[in-house]
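**Student:** For the record, the sequence lines run as chains L and E. If you count by this note's numbering, then the first sequence holds residues 1 to 444, one letter each, in order. If you count by this note's numbering, then the second sequence holds residues 1 to 184, one letter each, in order.
Since the hints were made in silico from the structure, they are not lab data.
Computed cross-link-like contacts, DSSO-like style, restricted to lysine-lysine with a CA-CA straight-line distance of at most 30 Å:
1) E:139 with L:9
2) L:329 with L:284
3) L:323 with E:42
4) L:232 with L:401
5) L:9 with E:131
6) E:134 with L:9
7) L:284 with E:64
8) E:139 with L:119
9) E:108 with E:139
10) L:9 with E:105
11) E:42 with L:284
12) E:134 with L:119
13) E:86 with L:284
14) E:42 with L:232
15) E:139 with L:284
16) L:9 with E:108
17) E:42 with L:329
Away from chain E, derived, C-beta distances all over 12 Å, residues of chain L:
18) 3
19) 10
20) 31
21) 52
22) 59
23) 64
24) 99
25) 125
26) 149
27) 156
28) 198
29) 207
30) 211
31) 212
32) 243
Not the full set, but computed from the structure, chain E residues with beta-carbon under 8 Å of chain L:
33) 10
34) 41
35) 154
Being a predicted model, the structure only gives us computed values, none of them experimental. For glycine and all other residues, C-beta sits at the position ideal for the given N, C-alpha and C.
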Amino acid sequence: MVYLVRHQKLGEYRAVKRISKSADFAWKIREAEILNHLKHPQIPAIYDMEEDEEFYYIIEEYVEGESLEAYMLQSSFITPDFISHIVTEIAGILDYMHHLKPNPMIYQDLKTEHILIGKNGVKLIDFGIASYLNETGNKFQNYGTPDFCAPEKANEAKISIQTDIFGLGKILEKLIDADQKNTSRHLMHVAEKAASADLSERYHSVEAFLEDFLQSVQSEKNSYCQKHLLKKIVAAGSQPRTGTTHLSISFTKYLNCQNIFTVYQEKNPTNHLRMAIQEGGFTKEGGLYRRGNFFGMPVYGEGVSVNVPENAVVVLDYGADIKGALSEKADLFLFLMGSREWEIRQSELSYEKVKDARGLVIFSNYGNRRLAKKFAKRYAQAVYCFPLDENPFFMTKEKEKLFKGLLEHERKRNKNDWNCRERSRKRGNPLIRGAGKLCSGRKK
Amino acid sequence: MALANYAAGGRNEAAAYLELFGHGQMAHWKNTNEIGYFTEHKIHYYPDVCREEIPILLNRGYEKIIMDFGDAYEEFRGEILRCDRKIFLLNLNPWQEFSAGKMVKTLKKDDWGGIEPLYASVNAVDCIQEKIEKEYGIKVNEIPAIPNPRHIGSEYFTCLDAIFGCPAVKKKRKKLLIPIRRNG
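The following block holds chain L by itself, in its conformation from the complex (with noise of 0.2 Å):
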């Protein structure tokens, strides 16, 4: 039974854990002996040990947060970042414990329930099966989750800090699992390489792992970091309400999706941006707004200055404004117009003003498939049509479809100016192979 008391003088919380003296329970005051000897940030401290007739209390350092476990159940977006974050921090402890000295110590029960993510950071808890390396008899061998339990312990074999280490791998399968979309074949190597069942093939120590963890996330990192990456995308529509904040905050959301860190700006005067905001789900992170992982950062006066970050790719929302957004040297200018027939006109001519604009890529709303075509024709050129969506904050099968084949497209058009990452490098005409979403025009 675990109590969070508070101090009545200092009123600070900690945590007390009581045990009873039955003989089952004894061995739980091991873990106030272990913790004792660890002194470490990322582990919670022990202060004291009280008993009575019945019962052990052992106060501890109370550790507010939420375990890795609940955090992965509850949020939809676990990032490359976040793995690198909690992979690194919790080998740290590992490598602590197990150069501790004089008697190095194995934790033998690393798993999500045990690891904490609180406003401090990382921490590690429940050590009640921690011993130490060189303890006879390896002790609470049986003792362990399914899931994270490492072969050797299952079938009585000498246990060592490899333990650890499948523990470790164990846990960075989980987190990729649960960033299926974003991880590289590397870093699954490197998690295969730490759960092995196989103690030759199995990473003989936390340095090793963590070198080729480290070595793998900057390889991904840097393979986002193209040198001519994308930098500047600018979205204008024909017409005002064609819809060119909802293609933008898609295509940003697409972006966030595929690992390219990139941020919505609004620049026009309609104020769509504040008033989502004001409709709550969004979090501020300096001037930016974060609503799982989409960026965006609403008009902002000129009493105030919010930079966006240097790594970041921008898409800029100018709505109707097509002067300003023609103002912009973007890499790419995404060009809404509007296929009711009562816009056709408008959209016509405002084809007229944007049409030699650099990285033009035109879309068709409302998924007007038969117009995309007719102005596809018209123009000469690749017109994409943009799918009636019911949300721009969440990413459809369609729209991922839309958004890769336009990437693809368009990166082969403006080899030289521009690159961008890719996933999987398939052949053909994307156009054609867009099962429909796309509509494709051939140049005279």
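For chain L, the structure is supplied; the task is to place chain E on it using the hints.
**Tutor:** Structure of chain E alone, referenced to chain L:
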């Protein structure tokens, strides 16, 4: 001015700044229009406002009105009472400790209409802050020194939101992961 700038530029609200301490600094900065204000970064600045003008200005549809009472807080007690946020800036330096103490003492005498005043200080000396807090049973909030109140960086947004007492974002309630029990 930083608050007014943040309200107008950062929160996109219709904001006005009222100079009430009567030193006339604003009047020397820019000339007012016929209605009695000048505009800078979308903020309407009203120089040298008299007590009688306040009700008129309150009805001009501003979302945020920042009233700068300077050191005339005793003189304008009635007006301060009607404000939604009452912010008192204390200078907690060794040479200004006496004035700060005097100010808090005066303010503590009065009832502030159910809304407790917010005490804030820039670059407070820790020991003096502690002393004042203990002596008068108040909490002094430390606020960062904003180098240019007419050009605020995003690092000050959180603090300014806190001073306004209204978060910039509304958090959606998380669903509780409680298993549903079915009877029978």
